[in-house]
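Residues per chain, in single letters:
There are 2 protein chains.
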Amino acid sequence: MSELKIDTRLWSSKARNLSPYTPGEQPQHDNLCKLNTNENPFPPSPKVGEAIAKVLERQADDLRLYPAPESDELRNALAGLYNLDVNQVFVGNGSDEVLALVFASFFLKERPVLAPDISYSFYPVYAHTFGIELVQIALDADFSISPDAYRQPCSGIIIANPNAPTGLLLSLADISKLASEHSNSVIVIDEAYIDFAQIEADSSDATVSAISLINDYDNILVTQTFSKSRSLAGLRVGMAFGNASLIEALTRMKNSFNSYPLDKLAQAGATASVLDVEYFEQTRQQVIDLRESLTADLIALDYKVLPSHANFVFVRPKEGNASAVASALREQGIIVRHFDKPRINEYLRITVGTAEQNERLINALTTLRAMSI
Amino acid sequence: MSELKIDTRLWSSKARNLSPYTPGEQPQHDNLCKLNTNENPFPPSPKVGEAIAKVLERQADDLRLYPAPESDELRNALAGLYNLDVNQVFVGNGSDEVLALVFASFFLKERPVLAPDISYSFYPVYAHTFGIELVQIALDADFSISPDAYRQPCSGIIIANPNAPTGLLLSLADISKLASEHSNSVIVIDEAYIDFAQIEADSSDATVSAISLINDYDNILVTQTFSKSRSLAGLRVGMAFGNASLIEALTRMKNSFNSYPLDKLAQAGATASVLDVEYFEQTRQQVIDLRESLTADLIALDYKVLPSHANFVFVRPKEGNASAVASALREQGIIVRHFDKPRINEYLRITVGTAEQNERLINALTTLRAMSI
Numbered sequence: 001m002s003e004l005k006i007d008t009r010l011w012s013s014k015a016r017n018l019s020p021y022t023p024g025e026q027p028q029h030d031n032l033c034k035l036n037t038n039e040n041p042f043p044p045s046p047k048v049g050e051a052i053a054k055v056l057e058r059q060a061d062d063l064r065l066y067p068a069p070e071s072d073e074l075r076n077a078l079a080g081l082y083n084l085d086v087n088q089v090f091v092g093n094g095s096d097e098v099l100a101l102v103f104a105s106f107f108l109k110e111r112p113v114l115a116p117d118i119s120y121s122f123y124p125v126y127a128h129t130f131g132i133e134l135v136q137i138a139l140d141a142d143f144s145i146s147p148d149a150y151r152q153p154c155s156g157i158i159i160a161n162p163n164a165p166t167g168l169l170l171s172l173a174d175i176s177k178l179a180s181e182h183s184n185s186v187i188v189i190d191e192a193y194i195d196f197a198q199i200e201a202d203s204s205d206a207t208v209s210a211i212s213l214i215n216d217y218d219n220i221l222v223t224q225t226f227s228k229s230r231s232l233a234g235l236r237v238g239m240a241f242g243n244a245s246l247i248e249a250l251t252r253m254k255n256s257f258n259s260y261p262l263d264k265l266a267q268a269g270a271t272a273s274v275l276d277v278e279y280f281e282q283t284r285q286q287v288i289d290l291r292e293s294l295t296a297d298l299i300a301l302d303y304k305v306l307p308s309h310a311n312f313v314f315v316r317p318k319e320g321n322a323s324a325v326a327s328a329l330r331e332q333g334i335i336v337r338h339f340d341k342p343r344i345n346e347y348l349r350i351t352v353g354t355a356e357q358n359e360r361l362i363n364a365l366t367t368l369r370a371m372s373i
Numbered sequence: 374m375s376e377l378k379i380d381t382r383l384w385s386s387k388a389r390n391l392s393p394y395t396p397g398e399q400p401q402h403d404n405l406c407k408l409n410t411n412e413n414p415f416p417p418s419p420k421v422g423e424a425i426a427k428v429l430e431r432q433a434d435d436l437r438l439y440p441a442p443e444s445d446e447l448r449n450a451l452a453g454l455y456n457l458d459v460n461q462v463f464v465g466n467g468s469d470e471v472l473a474l475v476f477a478s479f480f481l482k483e484r485p486v487l488a489p490d491i492s493y494s495f496y497p498v499y500a501h502t503f504g505i506e507l508v509q510i511a512l513d514a515d516f517s518i519s520p521d522a523y524r525q526p527c528s529g530i531i532i533a534n535p536n537a538p539t540g541l542l543l544s545l546a547d548i549s550k551l552a553s554e555h556s557n558s559v560i561v562i563d564e565a566y567i568d569f570a571q572i573e574a575d576s577s578d579a580t581v582s583a584i585s586l587i588n589d590y591d592n593i594l595v596t597q598t599f600s601k602s603r604s605l606a607g608l609r610v611g612m613a614f615g616n617a618s619l620i621e622a623l624t625r626m627k628n629s630f631n632s633y634p635l636d637k638l639a640q641a642g643a644t645a646s647v648l649d650v651e652y653f654e655q656t657r658q659q660v661i662d663l664r665e666s667l668t669a670d671l672i673a674l675d676y677k678v679l680p681s682h683a684n685f686v687f688v689r690p691k692e693g694n695a696s697a698v699a700s701a702l703r704e705q706g707i708i709v710r711h712f713d714k715p716r717i718n719e720y721l722r723i724t725v726g727t728a729e730q731n732e733r734l735i736n737a738l739t740t741l742r743a744m745s746i
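Note that the protein sequences, when read in sequence, are chains A and B.
Quick note: the first sequence, position 222, residue 222 per our numbering, numbers continuous.
Quick note: the second sequence, position 345, residue 718 per our numbering, numbers continuous.
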């Protein structure tokens, strides 16, 4: 394809100055071992396909009608799952859309928003899009987050928990501390990977999700996604949980951009996923188990592996160069993520695959090690 | 439900000052004659359900993977349909999302955007959301649009064509004139209803769509939707056509908000709809025919009916009060749209239904007329 010459004459200055997000690549080859975008190795609940097929069978005709604009059935299912009121639940077209609405609703103020310097790389994009100053707070040397480092005036704080790409978990005590110390700012906990987190043996908490805090703190908003633990990245559904007044702001913002972000099939499929609790518990435990054995295998290969609470591991080859390892793996059809960024350019983020995929990865790394790559 | 007390303390000033769009109601009763939101009375092409079922059968597992972020297959199908290059085609989560991105990409400038005073009521909402000044240009007394009235400095112009709720059509000659006279502004032609337009017998044009102008004018952007002529309001797919540089701006803006707005099922279903040209041509002609007979019936009942190029008619009872007619119809389970706005509060917008629905409407209006409502 010849290079297109872009003429920006008619663009707004906002359009000219954008720094769009670059999603991880989605190559479509056969026999590819795709461990680069943290998709779930297991298929979604079979109830999802059944629910969508039922929409098609019983009421394909109804695709001609607009969907429920506020996705009431889905929101009710989520409220039931987490024992919340339906007005504490918001859903959107993937958690990326939800996060965009969050930035516009809560962070668009004169003070900056705070986020870890190493985190989800869409946060700086949203800040740039909406003209919000983002102050990046350095992770500690061991990549952990210290609430004390966030003691400065801000419009809000956004933290991925578990953090990406590190996989490390912040405790509910630390989240409570942030919320208490910033009572006039919204603390957004982006829990894209929370369902893969494990409660530490010495913890007194019964859960690791900050959803358990939203009735105590009116300034905590939790976002989650169907793309990881529910194996539905292809369906584009994300959600937010918080005080009803925070949810109302998101609803108004949504209805000022796009009233009907979730189509009928996505609403039906996502609802079926929420209701199939057994399948969900089973597959997320399987992913956790696979992560633990992958971690052990990587440690045996002399990799440094951060203790992960997500469906990926963040690893550093003891010898050899992360970028070279990524390239060598790619030649064998195994795609992992390397970030060419300060502090983490010696690491690789590797999605937990099926047992077969993980074995293929370990075999490839074993060979590379023998070749001193 | 008890009234929720909203606390806006943590909201951004943008969130506090929003004026969200209010979609037409979507009541879910049986035996309702829903003629209020311009949905197509016919189901979508059977190929749509087949294509979605095929995704579920062959690759339900693949719902775990992210969809193609730029919906390449769908964009290629649309490019083929209209004989365009794929880089002249953009798709989004309904034309409402596409229009939001249009406002941010092209109208966010120091000069105001111009739009007719009577048009799609989401335009002022977008302008308000993005802090863009909107100058509303009065329609002529007969509700037509005069390009001469738009001769003033502006960031851009947005015109629904056919216009809603009037159903009137602007000619390609007038659109060319606007584009020529405003060569440094983007002229957006929102063709949500264009597929129901009829080429006048005395016209030399082979089409009424401004897509035919985009190779001649680098400042014309055309938006369309799958929600009306393709009977897919429930699937949420909209599109834009224009010069590749305009499309590039929309793509960057999308990737600064939400990278994957179209789920896999919506992409597959929409693509199948585009490829089923025969079904599309058949049903749109049926809607046009139904509109013409509904128009004749309404005229016979002494209604003033504007010449419609859409799948609705905009009508005025010769005697009696439009609002009272709408209320009386609602009591009989027939929902039509009444806008309580200056200039048009004596009109009703009525969606063209099936032959049976139109008959039920005409019977009801005949009874009302006998009762002098």
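One or more hints might be untrue.
Said to hold, decoys possible - Under the rule of at most 20 Å between Cα atoms (straight-line distance), these lysine to any residue pairs were calculated in the SDA-like manner:
1) B:K387 - A:S180
2) A:K14 - B:N718
3) A:K54 - B:E423
4) B:K427 - A:F130
5) A:K14 - B:E430
6) B:K427 - A:P46
7) B:K420 - A:F130
8) A:K54 - B:K387
9) A:K5 - B:S618
10) A:K5 - B:Y590
11) A:K14 - B:K378
12) B:K420 - A:E248
13) B:K677 - B:N718
14) B:K378 - A:K341
15) B:K420 - A:D62
16) B:K482 - A:D85
17) B:K482 - A:H128
18) B:K420 - A:R369
19) A:K47 - B:K427
20) A:K341 - A:E319
21) B:K387 - A:K47
Just so you know, the hints here were simulated from the structure itself, not pulled from any lab data.
Evaluated hints:
no. : hint            : result
1   : B:K387 - A:S180 : violated, 25 Å
2   : A:K14 - B:N718  : violated, 38 Å
3   : A:K54 - B:E423  : holds, 13 Å
4   : B:K427 - A:F130 : violated, 40 Å
5   : A:K14 - B:E430  : violated, 43 Å
6   : B:K427 - A:P46  : holds, 15 Å
7   : B:K420 - A:F130 : violated, 40 Å
8   : A:K54 - B:K387  : violated, 41 Å
9   : A:K5 - B:S618   : holds, 8 Å
10  : A:K5 - B:Y590   : holds, 17 Å
11  : A:K14 - B:K378  : violated, 35 Å
12  : B:K420 - A:E248 : violated, 39 Å
13  : B:K677 - B:N718 : holds, 14 Å
14  : B:K378 - A:K341 : violated, 46 Å
15  : B:K420 - A:D62  : holds, 15 Å
16  : B:K482 - A:D85  : violated, 41 Å
17  : B:K482 - A:H128 : holds, 17 Å
18  : B:K420 - A:R369 : violated, 52 Å
19  : A:K47 - B:K427  : holds, 16 Å
20  : A:K341 - A:E319 : holds, 19 Å
21  : B:K387 - A:K47  : violated, 40 Å
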